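Residue strings, one per chain:
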Amino acid sequence: MDIPYTTTPREDTGLYNAKVGIWLFLASEVMLFGALFSSYILLRVGADWWPAPRSILNIPIGTFNTAVLIISSVTVVLAWASLKMNQLSKFKLYQGITILCALIFVGVKSVEYTEKWKHYEIWLNDGSNYSGHIDVNGKHNPFFYTHNKLVSEGVTEITFTKDPHKYGDPLPEKAAGGGEAHAAEAHAHESMVIKTEDIKRLSAFVPAHSTYFAIYFTMTGLHALHVIGGALVMFYLWITAGSWFRSRPEQFTNRIEVSGLFWHFVDLVWIFLFPILYLM
Amino acid sequence: MSLKAFHIAFVIITVLTSFVIGGLLIHAFLKEGGLWNIVGSLAAFASGVGLIYYGKYVLKKLRHISYL
Chain Z
1 MDIPYTTTPR EDTGLYNAKV GIWLFLASEV MLFGALFSSY ILLRVGADWW PAPRSILNIP
61 IGTFNTAVLI ISSVTVVLAW ASLKMNQLSK FKLYQGITIL CALIFVGVKS VEYTEKWKHY
121 EIWLNDGSNY SGHIDVNGKH NPFFYTHNKL VSEGVTEITF TKDPHKYGDP LPEKAAGGGE
181 AHAAEAHAHE SMVIKTEDIK RLSAFVPAHS TYFAIYFTMT GLHALHVIGG ALVMFYLWIT
241 AGSWFRSRPE QFTNRIEVSG LFWHFVDLVW IFLFPILYLM
Chain A
1 MSLKAFHIAF VIITVLTSFV IGGLLIHAFL KEGGLWNIVG SLAAFASGVG LIYYGKYVLK
61 KLRHISYL
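The listed protein sequences derive, respectively, from chains Z and A. Residues 1 to 280 (the numbering used here) are what the first sequence spells out, left to right. Residues 1 to 68 (the numbering used here) are what the second sequence spells out, left to right.
Hints listed in this document are in silico derivations from the structure and should not be mistaken for laboratory results. Treat each hint with caution, since some may be false.
What follows is a list of derived Cβ distance ranges for each label pair [to be verified]: (1) A:I52 - Z:E112: 47 to 57 Å; (2) Z:E115 - A:F19: 39 to 49 Å; (3) Z:S247 - A:H27: 49 to 59 Å; (4) A:A5 - Z:E112: 50 to 60 Å; (5) A:I52 - Z:E190: 41 to 51 Å; (6) A:V49 - Z:L93: 22 to 32 Å.
Part of the chain A face toward chain Z, derived, beta carbon under 7 Å [said to hold, decoys possible]: (7) L3; (8) T14; (9) T17; (10) I21; (11) L24; (12) Y53.
Calculated lysine-lysine pairs in the DSS-like style (CA-CA distance at most 30 Å, straight line) [unchecked claim]: (13) Z:K149 - Z:K109; (14) Z:K116 - A:K60; (15) Z:K200 - Z:K166; (16) Z:K200 - Z:K116; (17) A:K56 - Z:K162; (18) A:K61 - Z:K116; (19) Z:K139 - Z:K118; (20) A:K60 - Z:K109; (21) A:K60 - Z:K162; (22) Z:K90 - Z:K118; (23) Z:K162 - Z:K200; (24) Z:K92 - Z:K118; (25) Z:K116 - Z:K84; (26) Z:K109 - Z:K90; (27) Z:K92 - A:K61; (28) A:K31 - Z:K92; (29) Z:K109 - Z:K84; (30) A:K61 - Z:K162; (31) Z:K118 - Z:K162; (32) Z:K195 - Z:K149; (33) Z:K90 - Z:K166; (34) Z:K116 - Z:K149; (35) Z:K149 - Z:K84; (36) Z:K149 - Z:K90; (37) Z:K139 - Z:K200; (38) Z:K166 - Z:K116; (39) Z:K166 - A:K31; (40) A:K61 - Z:K84.
If you're wondering where the values come from, they're calculated on a predicted model, not measured in any experiment. Where a beta carbon is used, it is the ideal one built from N, C-alpha and C, also for glycine.
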């Protein structure tokens with residue numbers, strides 16, 4: 001027995017079942033991400049101090065990833081339109097580009113995450129604190145070190161290389177002759193040896209570091225999981241396209257439309273995430 | 001709502017966001033200076049304008065497909 005309304009619209013909704021299903025699912029996704037966006041806003045307006053994201057996150061990389069997702073939204077529509085015009089080979093090309101864009105996005109995001117996980121902030125017992133990179137027992141830029149981990153490994157001292165601009169501080173104001181900027185450059189990458197006993201807290205830029213990184217990793221991580229999920233579905237549709245489209249063209253075209261709707265939602269979430277997390 | 005309708009909505013939101021980002025980068029340029037801020041701002045405005053033309057192209061290309 002065939003499943004009804006996989007290609008023809010139901011009389012009551014005017015839509016085929018999969019489309020009703022994906023919109024119900026997207027409605028639940030709106031609530032999920034809406035809750036996170038609300039949390040972000042409340043955390044930010046309630047905070048005494050909030051880091052300047054432009055001094056922490058890599059804006060050119062974020063911009064590149066935004067462009068990649070916008071391009072993938074274009075290709076996913078072109079893939080669907082190709083099927084509507086009965087052009088399977090063009091569909092395969094555009095769907096392949098969409099999957100490639102998804103892989104590029106996730107790859108770039110993983111590079112961004114890796115950079116954060118070996119970037120540290122250190123608080124010393126004398127009240128000072130710095131951001132930068134560490135060397136521990138000859139290991140350059142190790143991941144996920146904390147003060148407790150240094151103590152448990154018996155590390156007595158680390159080498160700390162300071163950032164030109166401390167984590168979270170606004171970038172220097174435009175000054176006549178660029179004096180302040182030059183002064184900051186002069187102190188760039190200044191290294192110092194710090195004894196473990198002088199350290200109050202050491203944390204990489206991981207969710208446990210601060211509220212900012214907790215919400216940053218939660219939102220971008222959840223979004224990245226959606227990108228991976230969408231890419232897996234589109235990959236499955238890509239490799240099964242030939243036989244499926246030849247036997248049930250309308251059903252397959254509908255599946256592509258449904259996956260495209262999900263993909264547009266994922267891209268739309270990023271369109272809001274990028275300015276909020278990277279620029280504001 | 002079909003993929004066509006969602007795509008048009010996506011393009012409109014992206015155009016508006018591009019102009020907002022362009023404005024934010026101009027603000028950053030006036031505050032901090034920096035070549036990248038002004039280049040980014042111009043790129044954001046150019047993307048917004050480009051996407052408007054793309055939206056018109058999509059409307060024309062997909063005119064036979066339903067919005068539902």
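How the hints compare with the structure:
| no. | hint | verdict |
| --- | --- | --- |
| 1 | A:I52 - Z:E112: 47 to 57 Å | violated, 30 Å |
| 2 | Z:E115 - A:F19: 39 to 49 Å | violated, 30 Å |
| 3 | Z:S247 - A:H27: 49 to 59 Å | holds, 56 Å |
| 4 | A:A5 - Z:E112: 50 to 60 Å | violated, 33 Å |
| 5 | A:I52 - Z:E190: 41 to 51 Å | holds, 48 Å |
| 6 | A:V49 - Z:L93: 22 to 32 Å | holds, 27 Å |
| 7 | L3 | holds, 5 Å |
| 8 | T14 | holds, 6 Å |
| 9 | T17 | holds, 5 Å |
| 10 | I21 | holds, 6 Å |
| 11 | L24 | holds, 5 Å |
| 12 | Y53 | violated, 13 Å |
| 13 | Z:K149 - Z:K109 | holds, 27 Å |
| 14 | Z:K116 - A:K60 | violated, 44 Å |
| 15 | Z:K200 - Z:K166 | holds, 18 Å |
| 16 | Z:K200 - Z:K116 | holds, 21 Å |
| 17 | A:K56 - Z:K162 | violated, 50 Å |
| 18 | A:K61 - Z:K116 | violated, 43 Å |
| 19 | Z:K139 - Z:K118 | holds, 11 Å |
| 20 | A:K60 - Z:K109 | violated, 35 Å |
| 21 | A:K60 - Z:K162 | violated, 55 Å |
| 22 | Z:K90 - Z:K118 | violated, 43 Å |
| 23 | Z:K162 - Z:K200 | holds, 17 Å |
| 24 | Z:K92 - Z:K118 | violated, 39 Å |
| 25 | Z:K116 - Z:K84 | violated, 44 Å |
| 26 | Z:K109 - Z:K90 | holds, 29 Å |
| 27 | Z:K92 - A:K61 | holds, 19 Å |
| 28 | A:K31 - Z:K92 | violated, 47 Å |
| 29 | Z:K109 - Z:K84 | violated, 33 Å |
| 30 | A:K61 - Z:K162 | violated, 54 Å |
| 31 | Z:K118 - Z:K162 | holds, 13 Å |
| 32 | Z:K195 - Z:K149 | holds, 14 Å |
| 33 | Z:K90 - Z:K166 | violated, 50 Å |
| 34 | Z:K116 - Z:K149 | holds, 18 Å |
| 35 | Z:K149 - Z:K84 | violated, 58 Å |
| 36 | Z:K149 - Z:K90 | violated, 54 Å |
| 37 | Z:K139 - Z:K200 | holds, 21 Å |
| 38 | Z:K166 - Z:K116 | holds, 14 Å |
| 39 | Z:K166 - A:K31 | holds, 19 Å |
| 40 | A:K61 - Z:K84 | holds, 12 Å |
Hints 1, 2, 4, 12, 14, 17, 18, 20, 21, 22, 24, 25, 28, 29, 30, 33, 35, 36, counting from the list given before, are not met by this structure.
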